[in-house]
Every structure is written in structure tokens, then in C-alpha cells.
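**Student:** Given the structure of chain A, go ahead and fit chain B onto it with the hints provided.
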Amino acid sequence: MNNDHHSRPDPDALLADLLRTEADARSGRLFIFLGMCPGVGKTYAMLKAARQRLLEGVDLLAGVVETHGRRETAELLEGLPVQPLRTLDHRGHELHEFDIDAVLLRKPALVLMDELAHSNVPGSRHAKRYQDVLELISSGIDVYTTLNVQHIESQVDTVRQITGVTISETVPDSILDCAHDIELIDLSVEKLLGRMSAGKVYMGERAELAAASFFKEANLTALREMALRFTAEHVDRDLEDIRRARRVSTPWRTNARLLVGVGPSPYAESLIRWTRRAAMRQGCQWLVVWVEGSRPLAREDQERLARSLNLARKLGAEIVSVTGDNVGAALLQVAQERNITQIILGKPGPRMLFQTSMADEIIGNSGDIDVCLVRPVLANSRLARSYRKPARGEDAPGRFAEYAWAVGISLGGVALGYAVFAATGYVFIGLMFLLGIIFAAMRFGRGPVLLLATLSALSWDFFFIEPYFTLHINKLQDVIMFGMFFIVAICMGHLTTRIREREQAEIRRQRQTTALLRVTQSAALSAEPDDGLREALSTINELHRADTALFVRNSNSDRSLSATPHPAGTFVPSAKEWGVINWVYDHKQPAGRFTDTLPTSQATWFPLQTSTAVMGVLGIHLDEDAGLDFGARVSVEAYALQLALVLEKEQIVQAVNRAQLHHQSERLQRTLLDSVSHELKTPLTVIQASLEGMAAAQISSPYLEELNTASRRLQRVVNNLLQMTRIESTAVRPAQEWCLLGDVIQEAVSTSAIGDALARHPLSIAIPDDLPAVRLDSHLVAQAITNIVHNAAVYTPADTPIIIGASVHPGSRSGSVATLRITISDGGRGLNPGDEERVFEKFYRAQGSPAGGTGLGLSIARGLIRAQGGDITAGPRHDGAPGAEFIITLETETMAG
Amino acid sequence: MNATPRALIIDDEVQLRRLLRLALESRGYEVHEADNGARGLSEAVFRKPDVILLDLGLPDLDGLQVLKRLREWTETPVLILSVRDQEDVKVTALESGADDYVTKPFSTAELLARLTVIQKRGKPAETPVLQAGKLTLDLSQREVLLGGEPLKLTPIEYSLLRLFMQNSGKIITQRQVLTTVWGPNAADQAQYLRVYVTHLRKKIADAAVEIRNEPGIGYRLVLLV
Chain A
1 MNNDHHSRPD
11 PDALLADLLR
21 TEADARSGRL
31 FIFLGMCPGV
41 GKTYAMLKAA
51 RQRLLEGVDL
61 LAGVVETHGR
71 RETAELLEGL
81 PVQPLRTLDH
91 RGHELHEFDI
101 DAVLLRKPAL
111 VLMDELAHSN
121 VPGSRHAKRY
131 QDVLELISSG
141 IDVYTTLNVQ
151 HIESQVDTVR
161 QITGVTISET
171 VPDSILDCAH
181 DIELIDLSVE
191 KLLGRMSAGK
201 VYMGERAELA
211 AASFFKEANL
221 TALREMALRF
231 TAEHVDRDLE
241 DIRRARRVST
251 PWRTNARLLV
261 GVGPSPYAES
271 LIRWTRRAAM
281 RQGCQWLVVW
291 VEGSRPLARE
301 DQERLARSLN
311 LARKLGAEIV
321 SVTGDNVGAA
331 LLQVAQERNI
341 TQIILGKPGP
351 RMLFQTSMAD
361 EIIGNSGDID
371 VCLVRPVLAN
381 SRLARSYRKP
391 ARGEDAPGRF
401 AEYAWAVGIS
411 LGGVALGYAV
421 FAATGYVFIG
431 LMFLLGIIFA
441 AMRFGRGPVL
451 LLATLSALSW
461 DFFFIEPYFT
471 LHINKLQDVI
481 MFGMFFIVAI
491 CMGHLTTRIR
501 EREQAEIRRQ
511 RQTTALLRVT
521 QSAALSAEPD
531 DGLREALSTI
541 NELHRADTAL
551 FVRNSNSDRS
561 LSATPHPAGT
571 FVPSAKEWGV
581 INWVYDHKQP
591 AGRFTDTLPT
601 SQATWFPLQT
611 STAVMGVLGI
621 HLDEDAGLDF
631 GARVSVEAYA
641 LQLALVLEKE
651 QIVQAVNRAQ
661 LHHQSERLQR
671 TLLDSVSHEL
681 KTPLTVIQAS
691 LEGMAAAQIS
701 SPYLEELNTA
711 SRRLQRVVNN
721 LLQMTRIEST
731 AVRPAQEWCL
741 LGDVIQEAVS
751 TSAIGDALAR
761 HPLSIAIPDD
771 LPAVRLDSHL
781 VAQAITNIVH
791 NAAVYTPADT
801 PIIIGASVHP
811 GSRSGSVATL
821 RITISDGGRG
831 LNPGDEERVF
841 EKFYRAQGSP
851 AGGTGLGLSI
861 ARGLIRAQGG
871 DITAGPRHDG
881 APGAEFIITL
891 ETETMAG
Chain B
1001 MNATPRALII
1011 DDEVQLRRLL
1021 RLALESRGYE
1031 VHEADNGARG
1041 LSEAVFRKPD
1051 VILLDLGLPD
1061 LDGLQVLKRL
1071 REWTETPVLI
1081 LSVRDQEDVK
1091 VTALESGADD
1101 YVTKPFSTAE
1111 LLARLTVIQK
1121 RGKPAETPVL
1131 QAGKLTLDLS
1141 QREVLLGGEP
1151 LKLTPIEYSL
1161 LRLFMQNSGK
1171 IITQRQVLTT
1181 VWGPNAADQA
1191 QYLRVYVTHL
1201 RKKIADAAVE
1211 IRNEPGIGYR
1221 LVLLV
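Line order of the protein sequences matches chains A and B. Going by our numbering, the first sequence runs without a break in its numbering and finishes at 897. Going by our numbering, the second sequence runs without a break in its numbering and finishes at 1225.
Chain A extracted, bound-state conformation (with noise of 0.2 Å):
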């Protein structure tokens, strides 16, 4: 039973596997040749894989090709095409880079993008390749890589351990995930070593590769494990996915769920990939928790802080960010609330006294949840050596001063107490010190605090208590005494400054908050849309000190983005920025500034992205010096999906003003045609009933026969522009149902739909058995082939055949839709040369026409066909015989019968 239970397929893993087909389906395939070090021969393979894949006619693009000298590899390279690389000007030098935007406009089926792992160089579009290579995916081209297990970023700590080397260049281990499919090069250690000694190894740009002796016996055994054990990793996981969702034997994985503590200290980074290493291994979700105190960061540590967050957010975390001063405490909460079931923190040194108690806490508090102390690596031991424990980060230029004013304020504690000394006696003088700490701890820091501290019990000491002018006390209830001041002096001057950094961290999140809300107001409740916008960017400029542009997209039915800023914008970005701005527009990402993105842009840019659509970019514009860290940047992406809410209803509301706009009107032009055919009509009826009645009574003249077929062709008339008035008010709305067309075609050549033109010509109706059912509003398709029809038999000489026929081409789209094509042929001379277009006009008559016509049947019938999506084509019979051919092509579902 129990097993019934879990042999039961996730549908999460359904769901995602169906997700995962269907990405395959629209975007590009990412394939990963990975190797264990530079000289395995990833290029040879791909350049193999991609000859084979040129010779089953794949339309593919070498874009970047790195042979570095070698000849097998160069004669692979011949033949195939490439891409010619973009050269930028970059100080001077001349650069060359992979040129993206040649490659998207050329868009091949696939392109070959060599060492996944480099650095674009600057002024590219993206800071890496691997950035590239996404963006050739997501617009639906294929990609061949190759890349080295040392360059990815869960696996650097690894490598460094390993070998001693850092490796600078990383691409994220998500961009793995992407991958469809991971082919690992492999080569026995023996045999490298063989290559290199040949000479045939390209040993690196980096001198520090060959200089810490990278490629040793050692080493290499150790990468080629590596990346046989994370390629087998990969494939497990794969297989895993593929598993739960055939219901093969189903493995059910855990619940897990792992959080990690991080603060600003540069083992942050080495916690995080430990923590995804190990969340990968168990397929569980993970969460990254940074804990603010009320202490504000020194700005090294928030951009330390803010890289390692980002990290975090690469490797696919999710990234919860608290308040609390107790950080363990606040750790526990979250863990709770998000029923972790481990919590990873790192190993606390014997010099961290804080962390261990943090550690301790945790663990003593943490119930059922497990508690994991890691050992944090340090990926660059240069910044090891320089890293210091974060103090506080306090506003440097007023330190000194208030350093000054300590010593001062026990200066003049000094002078006061002599000057009623001998009126108080010394305890007096003690509580006025105490008095001044905590005047002193209202507005300084906490450094200065304990200075002046320390300073007023000293010279208490010193001035007031016997004997003088010594340090010495006699005593012991003064030594007691002086022991109790300096306790209190310090607690004091402690509490005071810590409830004061309290508040101010109250203060600072208070101004954010409501900043927030001001935005959310006066965006939401001003009148006037571009009032609200234009308060809502000035908080955004008063908060920030930063100048802002807005880009919103044309309206709801144009969603090209307006190439003019929106006035309420401080900034107007430079021509360059726009390829910025369209870029953000187009994928939805951040970029520019303190992006890896375009980083040389001048703003950084933000989409306005709500759940639905992106409805314009905002540009931030800050100072020269200034920094973008990572609360800044959250309240940031906070303003912009409040803009961005704020513009969707705006443009909502024009939407539904217009859609009310266009009822009215409609409703108007309704009114005037039935009070126009009312008119028309009524007469007509008069005029057609007098003439039954006189059939009727057996009244009979030739001039009753000519005033029937005027009536009558004045009723055709009358109902062709009426008709025609209509479709040109586009009050015709298509109502498709599911129908034969055989039957359809019965109903319209039927004598009750085309009269008597039919009666002198040989209908062929060749529709083939098999034909499927069709979706469309069978009354306007039988009406337009009617008027086809009823044109060919009125312009073509009696006793000549009409042929009506019909297929269905399977649509370039996959599913039911297909194009649905109807021919109608007919055995007269043909259209005139150049009538092709022109009989569709309205009231166009060719040349030589019988009398009788409006010129109108054509005209009416396409817009018939064009009101559902269509078109009629007119030209000469395909079939090589004389007369011409109507093509009515629609796109249709279908459904087999």
C-alpha cells in the first residue's frame, strides 16, 4: 500500500519534465563538451560532432573557434562557416570579440561558441560568453560549448584546494542545468602527458597555469575525477527526472530543505557553493538567509555581501533577507517558518568569539532540525590575509571630532567638579560623569562613548578621590566604588548607543517603508497618471540621490517601447543607452551599471515587469563614486514593479476607453444602416409584393417581366452595398464552428443561396473523402464562395464548367492548425493581365462585363475571408487550362474524422 503510494508519479516532476520538453521545443539546445583541463581535445570533438551535424544539412555557424595553433583541429575548422569575429576599440587597442548581434540577425540553427568560461572582452554586450550563449538559446539557436570542470563555480574551492591555482573566470553551475545534453571528453592522464610532451597541449593564456605547475601527474588525476564524478552527477540527475516522471521505480526524494547563514564575511562565498553542492546532491530546495543588524555595513562589506548574495542568486538559491540583531534567534525563525530541515553555518575559528556563540545558540535551540558546521574555504587567500572582521561600519569624517569631544567633555568635568568640589564631595562629582556619558552616548558613537567612559573614571580617580592626583585609591569602599562607576559608565554608555543604533536602523528601514508606500501612493491615487509617475520618480530620486529615466511601451495594443523618455524622468540617457534600454526591454533583466551585463552603460536599468507583460524600463543614474548594494538594488526592483502595476492599469483604463469609444461609434453606425436599409427596403418590399399580387391575380404584360428583373437586381444592389458597409464597419465577428466542408460548399452553390446563375454551367465539387473537419464560421465562408461562384457563372460563357475544390496543408505551427485551401475554377477567357488585384476592388468591373453588375461580389467576399484571418488570390488556372482560378486560403484547426 504503501508502495502504491510512492510508485504514484510527482506531478511536479510531470509537470516540470513537460515544461522542460516544451522549453526544449522553443528555445535553443545548449550541448556541453566538457573536459578535464585544457588539452583533451573538447574543441577536436565538437568541431567533429559539428561536421557531422553540417553534413545532415544543419544550416550551423562556427562562432567562436579557438585551435590555438593546432592542425588537426584547424583542418576540421575548413569548410565550415564562420563567423567573423567584431573588432572594438578599447583605449587604443584593437579588440576581437564574438559578435552576437550578426549571429542573432543571421540566426543559424546552430553555433559553435568555444571556451563557455571567457571573459568577454570590455564593451561587449554581456561580461562573459556563457552570458552570449544564453542569449543565443533563449532565441532559439542551438548551441556547441566546450568548457573545463575548473571553470565551473561550485567546483572552484575544489580546484583551488587541489592545485593551489584560483580560477578567475567562472561560469554558474545553472547554466549546466540548461544544458540538454553534457558530453564529457575524457583522456587517460598518461596519455595527456603524452600530448603534452608532443607539444600538441595549449597550455593557457594565464602564466599562473603553467606556473603552479597545474599540469602535474597529481592534478590531473585529480580534475579527471572531478569531472568524471560531476558528468556522473549530471547524468544521475538526469536519469532521476526521467524516472519520476515514467514512474520507473520511483526513488522519492526527501522533503529537504537547507538554509544557509551568511553575513558579509568573504567565506560567505565558499558556505553558499557548499550548500548548493550538497542541495544538489540531495535534489532539494535551499535558501540563502543574510540576517541585517541594526549596525549599518561598511560599504566593503555590503559589496561583499551584495557579490556573494548574487552568487547565491546564480547558483539558483533563494535569498531570504531578515532583520534581527540576535542573528541566531533570526536564523531559527526563518528556519521554522520555512520547515527546513538543516541549517548550515560555517565552522566558527577559535578567534570568532561572536560567531561561536551564534553557533552554540543555534544548535541548543534547534529542535529536530539538523545543524551543519562547515569548514569555509576561502577562494583567494590574498583576500583572506586582508580581510578583517567587519566592525561597524560608522560615518568616518564625524569620528574624530566625536573623539574630540570626549576628551573635552571630561576636560570641562574636570574644571567643573574642582570648581564645587569642595562644596559636593567627590560622589557628586562621580554622578555628573555619569551624566555626561549619557549625554555623550545620545549622540556618538559607541567608540568615543567608551573613550569618555574610560577618560571620566580615570580622572575621577585621579582628581577626586584621595589620595589626589594619583591613580592609587585608599579605600576599599572607594576602590569598590570606582569599580562600580567604570561598570556603570560603560553599560551605560553601551545601552544608550545601541538603543540609538536601534532606532537610527529603524529610522533608515522607516524611510525605505514609507519611501515604498509614497511611491505606491502617489502613483496609484494622483488624477493624473504622469503627476503620480513624476512624485513617485522624485522619492526615487530623494532616496537614492539618483537621477532617473522612464521608458514606458507605447500602449496595450502597440508593445514597442516609446523611444522618447517619459518627462517625468530627471535624466535623458545618452543614444548609446538605448540598445541598453531595448535590451532590458526584450529579456526582462536588469542591466547596465553594477550589472554583469553591459556594465559600461552609464544607468543601470530595471525592467517594469508586472505578471503579465514588461511595460516600460526605469533607469537609475547615480553619481560617478556612488555604489548600487543589495537593499538598494531590492527597493529598487520594489519601485519598478510598483510603476510597472501602475502603468498596466493606466493603460488598462485607455484600453477600455477605447474599446467603449469603438462600441459607441458601432452602435451609432448600426443604428444609420437599419435606418438606411428600413428606407431602402420597405419600397423594395412594396415593389415585389404588388408584383406576386399582380402574378397572382393573373395580370400578365412584358412590362411586368422588365420591372421583375429590375426588382430584383435592385435588390441585389441594395443588399451588395449594405453588406459591403458592413464588413467596412467591421461589424462582422466571425462565430467559427466545427463543419464539413463538403457541406458548407452544398450550402453555398444551393439554389436558395445563388439563384439561378448556376443553372447554364456543370458544377464539379472535388473534395476529397478524407478531408477533416474544419474550424470556421461556415455562414461568412459559404457567402464568400457563393459570391465567387455566382461572379464566375455571371462572366464566363454558358455551358462552361465550374470546379470547386479543396485541401488542407498541414500549417507550419505544430498542433491541429493547418491552411485550409479552396479553389474555385472556372472555364471562361481568364482574368485580364493585371485585373488579378483589381477585381477585388470595389466596384471595379472588368473590361467587357455583362450589364447588371455592382462590382461588389469580389470585394465582399474577400472581406469576408479577411474578417476571419484570410485572403482570396485570383489568377490563372493552375492546371494549365483556360480561365481563371479564386484561392481562398484560411487558417483552420482541424479535426480528423
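It is possible that part of the hints are untrue.
Said to hold, decoys possible - Computed from the model, here is a short list of chain B residues facing chain A with C-beta under 10 Å:
1. Gly1028
2. Thr1103
3. Pro1105
4. Gln1174
5. Gln1176
6. Tyr1192
7. Val1195
8. His1199
The hints are simulated quantities; they were obtained by calculation from the structure and are not laboratory data. Built from N, CA and C at the ideal position, the CB exists for glycine as well.
**Tutor:** For chain B alone, kept in the frame of chain A given last:
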């Protein structure tokens, strides 16, 4: 049927009224006229007509409104005369209780034929056997004979045919077909209806009846003579 059936014409066009009166009187109708909606309603009360011819474009009231007011108290067959040949107007009229419609300009012969059909509706045949052309449908046996031979139909085709034969000659809107055959929540069947009808048509091709499609409105079973 009464000795002299009474017809009420509600139309504001005097010429049309005169013509209709001529045509109807020649067929033995006793004709009453009203030139606006309000008068039409009161005439309908006083004269107790057997059939009402109602123009949709009236000077005081909308024809549809007149129809609705009529339907509040009487089941007298109503034939709509209209210049509006948009399908939705016709469907609305039929679903508001009209029995049939003719679009101006109309042929008098057709108008009279329609009148005869809808007048019959007032008194449904009480026999369990329906007849149309060469078709015989036995309601009690759920059996259909075509020219004396049993005809095999699927349950849905049977229900469709029964509905058409019960309303022989009369127009039935698409929605009426759907709700009768498939039940009240059958809106999603609408797109398949045509296919079912096509299949049914093939089976009764030789029955001297035709299920005629009234584009955009519905169906009508017509006897071929």
C-alpha cells in the same frame, strides 16, 4: 382551425399594411391593423388574433419589446417582419418567443407558407407518430422508418431528428437545439453541432426532407416537394 382565421398586422408602413391585407384577405384571413406598438398590444387583446405579423422597427416601441409584452400573456404565434438581416437580431427575436421571421423584401408566397406552419404549432399533434416526407418517427417505440425501412440512428441523431420533426417547417435556433438535445449546459457543444447535423443529413438524404441551415441562426426542417 377557425372558420375565418384572424391576423393582426403591426407595422408603421401604410403601404406594407395595405399589401399584406390584400394578400391575407385573398387567403381568407380577417385582417386587423395597428400602426404602432401600443396600439398593436391593445388590438392583440381585443381582437384575439390567431396570428400576429410584427415589424421590428416601430415608431414608439421596439418590436422586441412588443414581442416580450405579448409573450407575457399570450402564446399566439408571432411572425417577425424585419429589414434587419443581422443574425443576432433574428436569434434574439426567436429566443424571445417569436415563431418565425421573414426579412424584407420578402415574397408573399413564402410569407403565407410560414404563416400556415406557425399556426399549426398552436395545436401539437397528440399522436406518438410523427411524419415528414418519407420519414416516420414513432415516439413511443423510439423508432424511425425511412420509406418503411427501419433507419439506424445514434441516440443524438435520434434526438435531433425528433426535435426537427416536432417542429417541421419551423425555424429552431442553435441554442434551442443544444439545450433540448444536450441539456442546459451544452454551450461547448455548439461548435460540433454542425458536424452532427451533417451526419444526420447524410442518413436521411433520400427522405424528401431537408434540414436546412439558416446561417447564423439555426435549422429548419423543410419538406421537399
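**Student:** Now look at each hint and say whether the structure bears it out.
**Tutor:** Cross-check of the supplied hints:
The criterion of a C-beta within 10 Å of any C-beta in chain A is not met by B/Gly1028, whose closest approach is roughly 14 Å, and the hint is violated. Taking 10 Å as the C-beta cut-off, the interface hint given for B/Thr1103 holds, the closest approach to chain A being about 8 Å. The criterion of a C-beta within 10 Å of any C-beta in chain A is met by B/Pro1105, whose closest approach is roughly 4 Å, and the hint holds. This hint holds: B/Gln1174 has a C-beta 9 Å from the nearest C-beta of chain A, less than the 10 Å allowed.
A distance limit of 10 Å between C-beta atoms decides the matter here; for B/Gln1176 the minimum to chain A is near 16 Å, and the interface restraint is violated. Checking B/Tyr1192 against chain A: minimum C-beta separation of about 5 Å stays under 10 Å; hint holds. For the restraint placing B/Val1195 at the interface with chain A, the shortest Cβ-Cβ distance is roughly 5 Å, inside the 10 Å limit, so the hint holds. Here the hint on B/His1199 is kept, as its CB sits about 9 Å from the closest CB of chain A, short of 10 Å.
Hints 1 and 5 from the earlier list are contradicted by this structure; the remaining hints agree with it.
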